[in-house]
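Please model the complete structure; the sequences and the hints are all you need to start from.
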Amino acid sequence: MAAELHVELVAADRSVWSGEATLVVARTTSGDIGVMPGHQPLLGVLESGPVTIRTSEGGTVVAAVHGGFLSFADNKLSLLAEIAELADEIDAQRAERALERAKSGEDDAAERRADVRLRAVAVR
Amino acid sequence: MGAQLRVYKRRIKSVTATKKITKAMEMIAASRIVKAQRQVTASTPYATELTRAVTAVATGSNTKHPLTTEVESPVRAAVLLITSDRGLAGGYSSNAIKAAERLTERLRSEGKEVDTYIVGRKGVAYYGFREREVAESWTGFTDSPTYADAKKVAGPLIESVQRETAEGGVDELHIVFTEFVSMLTQTPVQNRLLPLSLDASAAEEEDSAAKHEILPLFDFEPSAEDVLDALLPRYVESRIYNALLQAAASKHAATRRAMKSATDNAGDLIKSLSRLANAARQAEITQEISEIVGGASALADATAGSEK
Numbered sequence: 002m003a004a005e006l007h008v009e010l011v012a013a014d015r016s017v018w019s020g021e022a023t024l025v026v027a028r029t030t031s032g033d034i035g036v037m038p039g040h041q042p043l044l045g046v047l048e049s050g051p052v053t054i055r056t057s058e059g060g061t062v063v064a065a066v067h068g069g070f071l072s073f074a075d076n077k078l079s080l081l082a083e084i085a086e087l088a089d090e091i092d093a094q095r096a097e098r099a100l101e102r103a104k105s106g107e108d109d110a111a112e113r114r115a116d117v118r119l120r121a122v123a124v125r
Numbered sequence: 307m308g309a310q311l312r313v314y315k316r317r318i319k320s321v322t323a324t325k326k327i328t329k330a331m332e333m334i335a336a337s338r339i340v341k342a343q344r345q346v347t348a349s350t351p352y353a354t355e356l357t358r359a360v361t362a363v364a365t366g367s368n369t370k371h372p373l374t375t376e377v378e379s380p381v382r383a384a385v386l387l388i389t390s391d392r393g394l395a396g397g398y399s400s401n402a403i404k405a406a407e408r409l410t411e412r413l414r415s416e417g418k419e420v421d422t423y424i425v426g427r428k429g430v431a432y433y434g435f436r437e438r439e440v441a442e443s444w445t446g447f448t449d450s451p452t453y454a455d456a457k458k459v460a461g462p463l464i465e466s467v468q469r470e471t472a473e474g475g476v477d478e479l480h481i482v483f484t485e486f487v488s489m490l491t492q493t494p495v496q497n498r499l500l501p502l503s504l505d506a507s508a509a510e511e512e513d514s515a516a517k518h519e520i521l522p523l524f525d526f527e528p529s530a531e532d533v534l535d536a537l538l539p540r541y542v543e544s545r546i547y548n549a550l551l552q553a554a555a556s557k558h559a560a561t562r563r564a565m566k567s568a569t570d571n572a573g574d575l576i577k578s579l580s581r582l583a584n585a586a587r588q589a590e591i592t593q594e595i596s597e598i599v600g601g602a603s604a605l606a607d608a609t610a611g612s613e614k
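For the protein sequence lines, the chains are A and B, in the order given. So the first sequence is numbered by my numbering: it starts at 2 and just counts up by one. So the second sequence is numbered by my numbering: it starts at 307 and just counts up by one.
Honestly, I wouldn't trust all of these hints.
[To be verified] Partial chain A-side listing against chain B, Cβ under 10 Å, derived:
1) D14
2) S31
3) I84
Source of the hints: derived by calculation from the structure; they are not laboratory data. Small disclaimer: the values here were computed from a predicted structure and weren't measured. Note that beta-carbon positions come from the ideal geometry of N, C-alpha and C, so glycine has one too.
Here is the structure:
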């Protein structure tokens, strides 16, 4: 069996996902980073974007993360985000509508949020 | 029905109606406590992880950051006071306000200027009535605060901490809120959020992790300064969010207690009023009987006189 790392994906107001994984790919401010078991202790700033978690059962969990951090130590990876949603929870049509609305308006933050959501759904 | 009795009956009716209302408010507050408590618990993992990360960066690197270094002679401090929007919660808001007053007094005696920031209409009203200066205030979300609300509150505070002292920035950030200890106890507490005192966060860390662990040497992505830059505002937001949630839970608990005693008092009042009403009714009956008896005997006397 491949080595595993424990992942906690935590939003400000709830715990979104936790479990064992073999690989986690996330986007930090300086580029995409993949974390595998036994990585050196790491603390990074996350960009808004999809996070891909390859679970030890062979499945893939994708989540849209809007800003936050990742910290890895003792084979435990914590992903902290102000807002985090699993791709399964995202309503693609609603996100698309939100994107349309945000594009016509001035709200950059909303546009980015909707964009990230849609990207997460696309990865799934 | 006699006039006296009618007055009592009317009062009993109105007190009963009030009692129903306070009882309903008590039950609503009780159900909201549970919800608010659940929110506090749900926000805990984020707060713990964040505290861990902050402690790790602050101890693991020699980076000097305005948010962690203590200024040698602080001249200005910000106090964030969290009260509620609505009353009917006993001494809830005034206790928090009093705690803030004490803190302000202490800071002033240490020679610092104090900027006051307020959450909740009660606090705003208190300061407004006394015409004291308030740097900024927020209302409308104290019953069920969201993370976005906490962000809104934290924004100007973080900004003023980062500003130079000479340009009106603050050197310290304190927060006063009501801690939810249990259903029966809520105590106003005051915490210094910034500059970060590592002892305090380490102690908290110890509490949450049960035992002290040696923090590993972290690799920073992109750099320790950038991580700190991004991490500390989040830390402040999360602490404010937690304070808002606890304050909301405390407010509901205080409302429940206040409404419970109001209901109890209404019950007592109804009891004593119905005693009085019973006495009044009895007095009325007694009077009627004596009137009838008196009338009958007078009649009997009159007829007895005319027959002779």
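Against the structure, the hints:
1. Because the smallest distance between the Cβ of D14/A and any Cβ of chain B comes to about 6 Å, under 10 Å, the interface hint for this residue holds.
2. Annotation: interface hint on S31/A holds; nearest CB of chain B at approximately 4 Å, less than 10 Å.
3. Checking I84/A against chain B: minimum C-beta separation of about 8 Å stays under 10 Å; hint holds.
Figure legend: structure checked against the earlier numbered hints; every hint is met.
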